[in-house]
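Peer 1: Sequence:
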Amino acid sequence: MILTSLRLNNFRIHRRLELNLQQGVTGIIGHNGSGKSSIIEAIKFLLDGSLFYGKKEEAITLGESTGYVSGDFVLNGKTGTIERHLDVGKVVLQYDGKTYKKATEVKELWDQLLQLNSDIIDKVVIARQGQIPLLFSGDQSIREKVFQRIFLVPPTEKFRNTIWKDYIKQAPPPVPEEDIEQLKVIIDGLNSEIADIKTELQQYDLLTDEQIYLIRNRIGFIKKCINDVERSDTLQADIRTLKKTLEGKEATYNGHIARLSSVDINQIRKYHAVLLQQQAAFKQKASLEAKLEQVKLPYSKEEYDQLVLHLDKLKEEKEEVVKLIAVNTADIETYKAQLEVAEASNSECKCPLCESDLQDFSVLINKLRKKLADAHSSLQTNNTTRKALLESIAATEEKIGDYISAANQREQLQKLLIQYADIAFDPVELQEVSNAIGEYEELEAETNKLKLEIQKLKGNIQVRETELTNLSVYDEAGDPEDELTELQAALDEASRVSQLVQQLKVNLQIKQAEIRNLEARIKASASNKERNKARDEYVATLTKVYDVLHSSQFPRRLILSYADLVSEYLQESLQSFNIPYTAHIEDNFKIALLDNEGRALPAISGGQEIQVGISLHLALHELFSQSFPLLIIDEGTTHLDADNRRAYFEIIKGLRDKNKLKQIIIIDHDPQLAEVVDHIIDLDKV
326 MILTSLRLNN FRIHRRLELN LQQGVTGIIG HNGSGKSSII EAIKFLLDGS
376 LFYGKKEEAI TLGESTGYVS GDFVLNGKTG TIERHLDVGK VVLQYDGKTY
426 KKATEVKELW DQLLQLNSDI IDKVVIARQG QIPLLFSGDQ SIREKVFQRI
476 FLVPPTEKFR NTIWKDYIKQ APPPVPEEDI EQLKVIIDGL NSEIADIKTE
526 LQQYDLLTDE QIYLIRNRIG FIKKCINDVE RSDTLQADIR TLKKTLEGKE
576 ATYNGHIARL SSVDINQIRK YHAVLLQQQA AFKQKASLEA KLEQVKLPYS
626 KEEYDQLVLH LDKLKEEKEE VVKLIAVNTA DIETYKAQLE VAEASNSECK
676 CPLCESDLQD FSVLINKLRK KLADAHSSLQ TNNTTRKALL ESIAATEEKI
726 GDYISAANQR EQLQKLLIQY ADIAFDPVEL QEVSNAIGEY EELEAETNKL
776 KLEIQKLKGN IQVRETELTN LSVYDEAGDP EDELTELQAA LDEASRVSQL
826 VQQLKVNLQI KQAEIRNLEA RIKASASNKE RNKARDEYVA TLTKVYDVLH
876 SSQFPRRLIL SYADLVSEYL QESLQSFNIP YTAHIEDNFK IALLDNEGRA
926 LPAISGGQEI QVGISLHLAL HELFSQSFPL LIIDEGTTHL DADNRRAYFE
976 IIKGLRDKNK LKQIIIIDHD PQLAEVVDHI IDLDKV
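Per this note's numbering, residue 326 is the first one in the sequence shown, and the count goes up by one each step.
Derived from the structure by calculation, the hints contain no laboratory data.
For clarity, every value in this text was computed on a predicted model and none was experimentally measured.
Check each hint, because a few of them may be wrong.
To be verified - Taking lysine-lysine and the DSSO-like style, the derived pairs with C-alpha atoms no more than 30 Å apart in a straight line are:
hint, residue 1, residue 2
1, Lys869, Lys490
2, Lys740, Lys774
3, Lys432, Lys380
4, Lys427, Lys415
Produce the entire structure from the sequences given, and follow the hints as far as they go.
Peer 2: See the structure below:
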């Protein structure tokens, strides 16, 4: 895979950063704090979704709430883009013309395309700052941990503690085992006791359930016979009392029926309805008379007639005034026309009306003007008179209307009262008829109640007579008490024997249950013996695993096994750079340098450490990620002097010339970086 571009949005110190990447060796330079290592961390985040340290939300630029990293790449001849977000779990992958947004789909396809896990990316593809010198410094335990991390050997102490805490320590305790032979002796004793109980049971002759049932039925019958003798006298006395009460109720009932039959209640109710109608009509008549009393004539008939004459006179006067108003209006129009003609003929000496000679034309105009003013004054006076007449007419008509309305109401009420002229009503008679109906209904209700009581008494008598008929009678010649005593004694003896037999059977079941329990204990003891054996083997196996996983056992052996294989790849890398010595990883995790004759070099310089460290990283890259042609080195010249830095850049130059890795990204401060890279990205100028 080749990264072609990288975009950082609110990632660490980079708010907006876009880098174009190419094949070959790319150097990233910039002053301290410019965010060079953040770019390497962004590439790691893009590849595996994890950071060098902290949580994703902590990588968002201070003061911002969202952030993401995206990059374009070429893989298997096809272009693609991947984008990961810091604030949410969003990841988007575009590849081969398709877009994937579901996290599970993206992870499945991305893992398939990269064929790398997070550990290989973190330990092999990326050579972090200060990692290589740790291979040559510190004591053996430090070097061992570095190799364990580089070789992807899982830490076993945590797993070892889990085995001890969750498995060995939590192993079930041994289950108890019993003496099987002793249990068998106890079973033999119980079998002997069971045989004795069975022999004793054979000595008893128990009544059958059917026999006991017949005895109990006979006892119940005899007791009922004894009780029914007393019950017979009681029932006969109750029947006599009930019949006597019935005779009294029937006599009273028949008397009520005779009284009810002597009254024609339907005729009385019809007459009652007629009286109610008369009462309603009488009330209506009184209401009409009260209304007639309330309606009063506002004037006398003479006053009404005078109002009518006065109204006619007012209307005549109004007609005269209307005629005068019409005359005034006509005069005004005439005078206006004459005045207009006169004013238009002001220069002539003849009268424009009669064509007579005029000495002074202004006299004519003033005369016309006075006539016009008099006509207006007369019109105003007549209009005022007309208005006053109209108001008088309206007031008079209102008075006449009030009289006519009252007269009409009184006339209508008087016509209605004529219909009730012959109405007569006696309230005393109505009360007497109402009382008679009430007394009849009370007697009728009491009669119905007596009827129900009579029916109930007859039912009670019938029930007691039936009980008397069904009373039991003793069917033997002797005394029932003697037979009852004999039968009860037989039943008590049967119960005693039954309880004794039942107790023996219970003891028998207890003994048999004890035998079954002992047999189960024998079986369980045999099973527990096998379980304890398996448990001991399980704990022993876990203990061996626990011991093997000690840091001095399996992890060290695995690292040293890796070391032999890695040493071969390491030697190939050293030879490819024409380095005149060989390297070997020893048992104490030291990297020994040997000359051509196989002798260990007395000391290793910083430059040699870098050469061996880079070669070791390339060997690991060759071993773990052959199909992933990307290598990232962060600050490889840290703590190196000038000569060793030159040796370091010679190695980088060799990597570039061999073109085995398609893309190498290097972060460094040294100016020599510009001489060995194909491309430079200066963060100070971006």
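Peer 1: Where does the structure disagree with the numbered hints, that is, which hint numbers, in rising order?
Peer 2: 2
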